[in-house]
Amino acid sequence: MSMDLIIEAKDVAKWYGAFQVLKDINLTVRKGERIVVCGPSGSGKSTLIRCFNRLEAHQKGEIIVNGITLHDKMRNVAGVRKNVGMVFQHFNLFPHMTVLMNCMVGPMWIKGVAATEAKKTALRFLERVRIPEQANKYPVQLSGGQQQRVAIARSLCMEPAVMLFDEPTSALDPEMVSEVLDTMTSLARDGMTMVCVTHEMGFARAVADRVIFMNSGQIVEDGNPEMFFTNPQHERTKLFLSQILKH
Amino acid sequence: MLYPDTVEAEVLVHKPWFVATMFAVILAVFLAFNLTGTTMGELMRPVIGDPLQSGLYGRFAVAFVVAVIFSLNVVLIGFAPLKVQIAIVWFELLMLFLAFFETFHLSRPFIWEKLPFLITQGAVTTLYVSAISIVIASVIAILGAVAKLSTNGFAYAIASFYTSFFRGLPLLMQVYLIYLGLPQLGFVIDAVPAGILALSLCYGAYMTEIFRSGIQSIDRGQWEASRAIGFGFGITIRRIILPQALPVIIPPTGNQFISMLKDSSLVSVIGVWELMFLARTLGQKTFQHMEMLISTALIYWIMSICLELIQSRIERHYARSKVR
Ligand SMILES: Nc1ncnc2c1ncn2[C@@H]1O[C@H](COP(=O)(O)OP(=O)(O)OP(=O)(O)O)[C@@H](O)[C@H]1O
Ligand SMILES: [Mg+2]
Chain E
0 MSMDLIIEAK DVAKWYGAFQ VLKDINLTVR KGERIVVCGP SGSGKSTLIR CFNRLEAHQK
60 GEIIVNGITL HDKMRNVAGV RKNVGMVFQH FNLFPHMTVL MNCMVGPMWI KGVAATEAKK
120 TALRFLERVR IPEQANKYPV QLSGGQQQRV AIARSLCMEP AVMLFDEPTS ALDPEMVSEV
180 LDTMTSLARD GMTMVCVTHE MGFARAVADR VIFMNSGQIV EDGNPEMFFT NPQHERTKLF
240 LSQILKH
Chain Z
0 MLYPDTVEAE VLVHKPWFVA TMFAVILAVF LAFNLTGTTM GELMRPVIGD PLQSGLYGRF
60 AVAFVVAVIF SLNVVLIGFA PLKVQIAIVW FELLMLFLAF FETFHLSRPF IWEKLPFLIT
120 QGAVTTLYVS AISIVIASVI AILGAVAKLS TNGFAYAIAS FYTSFFRGLP LLMQVYLIYL
180 GLPQLGFVID AVPAGILALS LCYGAYMTEI FRSGIQSIDR GQWEASRAIG FGFGITIRRI
240 ILPQALPVII PPTGNQFISM LKDSSLVSVI GVWELMFLAR TLGQKTFQHM EMLISTALIY
300 WIMSICLELI QSRIERHYAR SKVR
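As you go down the protein sequences, you meet chains E and Z in turn.
Under numbering that gives the first Met the number 0, think of the first position of the first sequence as 0, with each following residue one higher.
Under numbering that gives the first Met the number 0, think of the first position of the second sequence as 0, with each following residue one higher.
Just so you know, these hints were derived from the structure itself, not from any lab.
Take these hints with a grain of salt, some might be off.
Stated by the list, open to error - Computed footprint of chain Z on chain E, listed as stretches where at least three residues anywhere in the stretch have a Cβ under 8 Å from a Cβ of chain Z:
id, region
1, 93 to 100
2, 105 to 115
Said to hold, decoys possible - Restraint ranges, calculated between C-beta atoms of paired labels, are given here:
id, chain 1, residue 1, chain 2, residue 2, range
3, E, 115, Z, 116, 52 to 62 Å
4, Z, 216, E, 4, 39 to 49 Å
5, Z, 216, E, 78, 27 to 37 Å
6, Z, 119, E, 75, 52 to 62 Å
7, Z, 2, E, 4, 20 to 30 Å
8, E, 15, Z, 296, 41 to 51 Å
9, Z, 313, E, 233, 57 to 67 Å
10, E, 115, Z, 317, 23 to 33 Å
11, E, 75, Z, 153, 46 to 56 Å
12, E, 72, Z, 300, 57 to 67 Å
13, E, 75, Z, 159, 50 to 60 Å
14, Z, 183, E, 68, 29 to 39 Å
15, E, 115, Z, 305, 52 to 62 Å
Cβ atoms here follow ideal geometry from the backbone N, Cα and C, with glycine treated the same way.
Here chain Z stands alone, though its shape is the one from the complex (with noise of 0.2 Å):
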């Protein structure tokens, strides 16, 4: 939350001014753009007639009775309690969302078909391999993070040089690299290691930073005082220091996870069967791209909810200390 100041100001969305603006411009876009072939002037027929015949007054019309929908809609919304507003302009946005899809014509019956199959073997492996390269990258990131932070010399520079070539290279060369040229060495390396291996290394390599800058924002008191009950090196790190670095350090690494939700499509090049691989080959039998592509969004998007539910929950559990 940013400061809130205890001085009501008038709500913005009632101010004239601003209402007036609103209603002004999105009167002159919706001008701009002919709206009387669409839907919303097959609506307006009663009013304007049949809509490609009802030119300029047509057009007029249509945008007039948006702007007013627009912005009658924002003002009453300005009335609502702030959760419900909240919830109000997340369900409308979600639904201009929905009609923007309909738009595809998709067809359901070939959706409904395929999706089990996305969910239960591409979802499944995208959740599976994130999740393990999740955990790995941060085993990692751990002890980069303290490695960059010691004053040992080879360590410092293996975890710099570390770090600095997993952020210096494109994920999916990593990818490749790994998957093409471990093979190379004699270690021949099946898609999903592969993919996992780079996907941690290069995360690692991020999270990395993410740990060290932690680690790095606890006052050095708390190591004072920890070293001065005479706790060693590993007890200060876990049971001291990382605690109190984790709501620095959780916001980030949740980023990270939702990103690395994503990215990890960037294994389908290898032949991995998840999510972003199963969306390009189902539907291209019967060219039903569309329909497979939109629905893959949706389950991404529905993952990287439940991940952004999961985080601020962990974020609620370590602010406890904070409270007075």
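For reference, chain E alone in the conformation it holds in the complex (with noise of 0.2 Å):
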């Protein structure tokens, strides 16, 4: 195993009861690497990233990030969370906190960062997604794209190994899609390692470095997004991409 692996998965399976979530899965992530995972709904990719930080328990086969194995009966779940960040279609940010204290309190209360300190980590993430100026605003007086933002703001301020990315998309209105495609093109720029489940094809045009197609629960596509999108492999993928594009 080489060091500048993230995240590897050898073959992983879930279930919910009889229905078998994901199968066989393999996958690994290197350092720097950006990734975009998509596939039609309910084909498993939210499970799938959401294995990776273990807010869902995978029943068979081997995870391994940053170096520690995730399963059952780990001791020190918090020392893989603290360096996964991980963003949510619904932005899920602390509403009885203002937005500055949502980037504090990671760092404060998992790491003993001083206030100070955290404040000033938390004011230089706000301002790399670019909006510093509502730090003591509540979550709910910002627009969609800008709590968006705030909650990836949230996640950099732990400093995290690798960005796990749920649809952070498909929950705003059009016009504010971009504010935060800009903001993770540009983390994926600086060298950020992101595992990003979405359907914006010009992302994963633009950034990724490799592009993974799931399908119930399988991958059936791994490879650069050249080859993806001009000569994908499974028909599948050409029914999928045929109707994603056709807009």
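Build the complex: two chains, separate frames, hints provided.
Structure, rendered in structure tokens:
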């Protein structure tokens, strides 16, 4: 195993009752790699990336994140999670805290960083997502796009080794999508390791090192964007692409 | 507030049909009762002559005047701004109540003589028994709610048994069971701790359900975001979930506190010198029950009003993050 593997999944399988959501997933994510995951609804994309920070448990196979193997009996799941940032479809900001506090609590309560230090970090990353002026507002006072950028800043404040995005733009109005995608693109330019579930094919083309296509729990396509868009191997992929690129 | 529509409707109490109906109903009601023998009849003496001799005419005149005064009052209040309306209506209802109490011909000196003791002993005991109980009950409620939501079979079983049992028995019976039952097991317990224990356990059971539904009302995404950052269960529940659940939890908890304030009167049966106990015993010697009961009722009421005010304060505090 080389040291620069951030996520390594081997023969991962998962069931909900009798229904198998993930089937023999094999996937590696290297340091600095940008991966876009796409596929039809219900194909298990969310489930897969939620396994990477153990919001979901897998039942078979092995997932190693940042050198730590994820399993049922692990003592220190927080040790993994603090290195894995996650951005959700519905932002999930803490509504009872200001934007600034949202970004400060992670470092303060997990790493024991002093408040002044945490505030500096928070402001730096709010600057990074270009909304430092909203720092003292509450999340409800922000637009969807701004909230999602705060959510990204909140994850960045933990200085994670990898960021997971689960359809970060699909709950947004069209004109807010680009401000979030711009933020993600600039993160990618700075070398952040990212696994991103999204149907924004423009983003995939511009940013991704690899595009992964999932269908009913399996990875059916795993290659560079060029190949993925011009010469997909699988029938299901062709159908998906024709539907999604039609508009 | 209900949703206020921006289209101004005509004020209800200014619509002719409403005023007319109100007037007719009141006239009919007061015609049905003969008021000529009351203070109202006395006041009308210049118009109707001797009230007792005035017959149907007197009866009608009195009812008519009452109906006019009432309707005029309502119509006039309709012109006032909202806050003033509320204040006037409160004031008038209060006056009616005091007038009602006045008809008992209570002995004021007796009340003034006993009032200090009623407050320093009775109200203080009631307050501190309730306050301690509500604090213990809240702690029980948090633990119970977490247990009831957990996947641990033992925790769930114990918590649901507890809530089922203590919600299922009358509070009065719990007071007796604890005060008289615990000594059987060798724990002799004073009346005050026994009362506090009974109140805490009973209200803890009700509040467990309040806290549980409060915690459940928080979106799953909040748990996920918190756990994904790496927060453990303790921080997540204390710093993320409960603060958001509080606006949901506080109104019914305030209700419970007010209700407990009054239910604490049940511990008077085991001889705790709280308000209710004193109300019943102080007036006994001289058969001045009504004096003590009414004063006590007012003290209970005033304490409840204070709690309501405190509750609305706290609610406003937590409404902060909801404003746009
Ligand atoms: N908690 C659960 N219990 C049972 N089945 C579930 C659960 N969560 C997800 N599933 C099922 O697992 C499958 C994969 O779900 P998942 O959310 O990973 O899909 P997805 O690819 O992210 O889809 P979408 O594009 O709609 O977000 C779906 O068929 C879903 O119905
Ligand atoms: Mg999904």
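Practice problem: Look at the Cβ atoms of residue 72 of chain E and residue 300 of chain Z and judge whether their distance stays inside 57 to 67 Å. | Solution: holds (58 Å)
Quiz prompt | Satisfaction of the hinted span 52 to 62 Å by the C-beta atoms belonging to residue 115 of chain E and residue 116 of chain Z | solution = Given a distance of about 56 Å, which is inside 52 to 62 Å, the answer is holds.
Quiz item: Within 52 to 62 Å or not, the Cβ separation of residue 119 of chain Z and residue 75 of chain E?
Solution: holds (57 Å)
Quiz item: If you look at each residue in the region 105 to 115 of chain E, do at least three have a Cβ nearer than 8 Å to any Cβ of chain Z?
Solution: Holds, because 3 residues of the region 105 to 115 of chain E bring their Cβ atoms closer than 8 Å to Cβ atoms of chain Z.
Quiz item: Are residue 216 of chain Z and residue 78 of chain E spaced within 27 to 37 Å by their CB atoms?
Solution: holds (31 Å)
Quiz item: For the pair residue 313 of chain Z and residue 233 of chain E, does the Cβ-Cβ distance stay inside 57 to 67 Å?
Solution: holds (59 Å)
Quiz item: How does the Cβ-Cβ distance of residue 75 of chain E and residue 153 of chain Z compare with 46 to 56 Å: does it lie in that range?
Solution: violated (25 Å)
Quiz item: Regarding residue 2 of chain Z and residue 4 of chain E, is the given constraint of 20 to 30 Å on their beta-carbon distance met?
Solution: Once the Cβ atoms are compared, 56 Å apart, the range 20 to 30 Å for residue 4 of chain E and residue 2 of chain Z is violated.
Practice problem: For residue 115 of chain E and residue 305 of chain Z, compare the CB-CB distance with the range 52 to 62 Å and indicate the outcome. | Solution: 41 Å Cβ-Cβ, so the 52 to 62 Å window is violated.
Quiz prompt | Cβ separation of residue 75 of chain E and residue 159 of chain Z, checked against the hinted range 50 to 60 Å | solution = Taking Cβ atoms as reference, residue 75 of chain E and residue 159 of chain Z lie about 32 Å apart, which means the hint is violated.
Quiz item: the region 93 to 100 of chain E covered by chain Z? Criterion: 3 or more residues, Cβ-Cβ distance below 8 Å.
Solution: holds (count 4)
Self-check item: residue 15 of chain E paired with residue 296 of chain Z, Cβ distance criterion 41 to 51 Å
Solution: At 59 Å between Cβs, range violated.
The structure fails to meet hints 7, 8, 11, 13, 14 and 15 from the earlier list, while all remaining hints are met.
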